[in-house]
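Chains as they are written, first to last, in the working numbering: chain A, 1 to 294; chain B, 1 to 548.
Pairs of lysine-lysine residues, derived as PhoX-like cross-links and limited to a Cα-Cα distance of at most 25 Å, are as follows:
#1 B:Lys-507 / B:Lys-271
#2 A:Lys-286 / B:Lys-376
#3 A:Lys-202 / B:Lys-376
#4 A:Lys-119 / B:Lys-354
#5 B:Lys-20 / B:Lys-41
#6 A:Lys-202 / B:Lys-354
#7 B:Lys-295 / B:Lys-498
In case anyone wonders, no lab produced these hints; they're calculated from the structure.
Listed below, chain by chain, are the residues.
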Amino acid sequence: MNTATPPVRAIKARRSVMESIRRDLKTAPLTAWFGMVVILLYAICAIFAPLLAPYGESEIVGKAYQLSSPENWLGTDQIGRDTLSRLIFGARNTIGIALITTLLSFLVGGSLGVLAALKRGLLDQGISRVVDAFLAIPVLIFALMMLAVVGKSLINLIIILALLDSTRVFRLSRAVALNVVVMDFVESARLRGEGMRWIVFKEIVPNILPPLITEFGLRFCFVFLTISALSFLGVGIQPPTADWGSMVAESKSLISFGRPAPLYPAAAIALLTVAVNFVVDWFLHKTSGLRDGH
Amino acid sequence: MVTDKKRVKGETLLDIRGLKIDGYSDDVWNPIVKGIDLTLKRGEVLGLIGESGAGKSTLGLAAMGFARPGCRISGGSIVFDGMDLIAASEEQRRALWGSRIAYVAQSAAASFNPAHHIIDQTVETAVAHNIMTREKAEADARDLYKRLQLPNPNTIGDRFPHQVSGGQLQRAMTAMAMSCRPDLIIFDEPTTALDVTTQVEVLAAMRDIVEQFNTAAIYITHDLAVVAQMAHRIMVLRYGNLVEEATTRAMLKAPTQEYTRSLWAVRKLQKPESISDDIALRIHNVDASYSGSLKVLDNVTVQVPRGRTVAVVGESGSGKSTLARAITGLLPPSRGEIYFNGKPLPRALHERDKDTLRRIQMIYQSADTALNPRQKVRDIIGRPLEFYLGLQGAARDRRVVELLESIELNESYIDRLPGEMSGGQKQRISIARALAAEPEIIICDEVTSALDQIVQEEILSLLMRLQKKTNVSYLFITHDIATVRAISDEIVVMHQGKVVQQGPKSKVLSPPFPAYTELLLSSVPEMDPDWLTGLLAKRSKKVKAATA
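Make the full structure from the sequences, and use the hints.
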C-alpha cells in the first residue's frame, strides 16, 4: 500500500494581461484571424481616410459613369466623383455612425437592464412592458416613421436607431444581470452597505461583460446594416456625405448594364459583416467555456 | 435477456487493473487517477472515500468505461463481466450503460428533467433498451417505488420532479437506476445534499434494494459514517492513489494509515462549553414571512452571548437561514424586536448605519458564489477595510496581508482570483472578509457543509482560534450535528419555524430530548456498521409499540 503523495502540480504562474492576450491570439482559429485582419484594415481606412483616398470625398474628378482607369481605379459615379475615394470615406462615415449608435444603445439599454434586474418590482415591470411594446414593431418601419416625424438629420438618425436598438440590449443585459444579482457576493455587498454605483459597476458589470461584448459585435452589424438600408432608401446619411448604403442606391441602375459599380459598396458592407461575425463567434466560443471534446 | 442471468455471489464482476486517468487543464494533461486496482464481486458493495480531488468520482465513472469531457483514460484495463471496456466501441458501451451499469448522481434535482413526469423518466432506459414493454416497465417502476418506500407508490410517478421532496427524488432516481436490474450501480454521493433525517430513509431504501436484487455497487462519498452503513469493503483514495483498502469492519476498527484516521478527525474535535450572561444579540419574539403569506419564523427568541458560539440546527425549511436574513435586515421581521448590545436594531437594512452594519458580518455556505469571481483577494478583503475603516493604499494592503496571515494563508494569495484557489482556501478568504470589518457578531450560514471532512475540521478550528483572539460571537447555522458538537457553546434546535429547544450544549445533547431533537440526533450516522440496522429496528419497534 503506497502512502499518498501530494499532487505535483506547479502552481499556476500568473499571466499578465498582455501574455494572456498573446496566448489567446496564438490559439485563435483562421476565421478569427481573417475577421481581425479585415476589421483592422477597415479601421485604418476609416481613421486615415483623407491620407489614403486619392481624391476628396465630394471632389468631382472627371466625367460621370467612367469605367476603371489608372486615374480612377474603380471608375467614377453619376456626377464624376472617384468611387474608390468615396468608398474609403464611406468607411469612416458608415462605421463611425454605426459605432456611435451601438455605443449609445448599449449605454441606455445596458444600464436600464442592470437597473431593472437589481430593483425588480414596478420599475422592472414598467420598463420591460414598454420594451415589449417597442419590440413588437419592426425596426426599419419604425425608424422610417420616426425619421419622417422628426426630420432626417444625422443626430436624429443616431438617436432613433440607438433607442430602438437599446430595447434588445435591455432584454439581454437584464437577463444576464438577473443571474448575477442573486449571487451571494451581491447580497454580501448590500449587507456591507454599498451604494448602487459600487454594486452595479464593481459587482455586476464585470460578471456580465463577456456576453455583452459579444452582443455588441452582433448589434454593431445590425445597426450598420440598418443604416445602410436607411441610406439606400434615402432617409439615412444624406449627400454629399459618402456612405455605402446610399452609394448602392445611387448606382443601382447600373447593374442592368452589367457594370460592377453597385457591387463595390455592397461588397464592403458584406465583408465587414462577415468579419465581425467571425470575431464574435470566436469570442463567444472562448468565453462561454464551450470546448472541443478532447 | 441480461436480467435472467443467474447472479452468483463471489464471481468477479468488475476488474480494474492499473488504471490511469488524466485530466486536461492549463494546456497540459495532469494525472487524476494514478494506477488503481479495483475488483468487485457480484452483490458486493464497495465504498470509495476521500476528499474532493481524490479522483473518486472519476474512478466511479471509469468503472462504466466513461471518461468525462476533458479526461482521458491513459493506461490500465477495465474488464466488466469479461468485456474489456476500454477496447469496446462506443456503441457496445452504450448498450451496457443504463441496462447493465447504472449511475445515481449526487443531485437528483439537477438530474431529472423538470418537464417530464417522474415515471416517464424512470422507465425510459428500460424501454429504450427494449428490455420491457412500456406497460410492464411502468408496473415494475411502481413496484420499485413501493420497495423504496416512497409514499403513494402507485401515483407518485405521475408527479413532476419539483412536486416531490429531495429525498423522494433521490429514491426515484435509484428506482430509475434499478429499472433494468443492472449488475452494477454507481452511487456518486447520493445523500450528500440531503438532511440527516431524510438521509436515513434514503440510505435504508438503497441498501435494501441493492440487497434484494443482489446488485453490485460502488458507493462514492466523503462521509465515512455513511459508507460504513452501506459498504462491505472500503477503499480510501487520496490524490488519485489508493491509501488503504480493507473490509468495513476491519477498517473502522483499526485503520492502518494516518490519513484514514484523520478522516474522522472532525468528529473528535470538541470545544469545552462555556456560558456567558453578556448578551450581544437578542432576538425577541420574532415573526417573519415571505410576501406576507406563510410564517417562516414563528415567535422565535434566541440569545447570542458575547464571545460565544450559538449553533442553530434543524433540517432544511426549518427557518434557520430566514433567521439570518431577519438579523441582517434583508427580511425585516413582521413582529418582535432584535436587540443589539441592548439597543433595538432597525428592522430594514437601509435604515441601519454603516457602523451597525460593520458589527454584524456574514459568511456564506458556498464561497464560490460568495466571492466575486472577477475580484482579486486584495479587493475582496480590502474593500471592507476601505469602506468601514477608511484604510487606503499601502496601509490597506498591509492589513490585507495581516488578515491573510491570521487565516493561515500568506502574502502570495493577494493577487489571486477566487477561481485559482481551493474550496477551503476560498472559505478562508470569506472569513477574512468578515473579519476585516472587525465585527462583533458573525453569522455563519452552513459554512462547512460544502467542504470535505478534513477541510471542515481546519475551518472550524480556525474559527475557534479567531474567536479566542477577537472575542467575536458566532451564530452558527448548520444541519450537521458533528459540527455543532465541535464548536458550539449553546444550541438552538429549530423545526418548522419554531424554536424547539434552546440551551447550553451539554443540556441539549443529553437526554431527556424533545421528540424532534431526538429524531435529529438519532439520525446522525455513527461510525458503526450496525448503526443503521440498529436504528431501523429501534424505530420500527417504536412504531409497533405505538400502534399496538
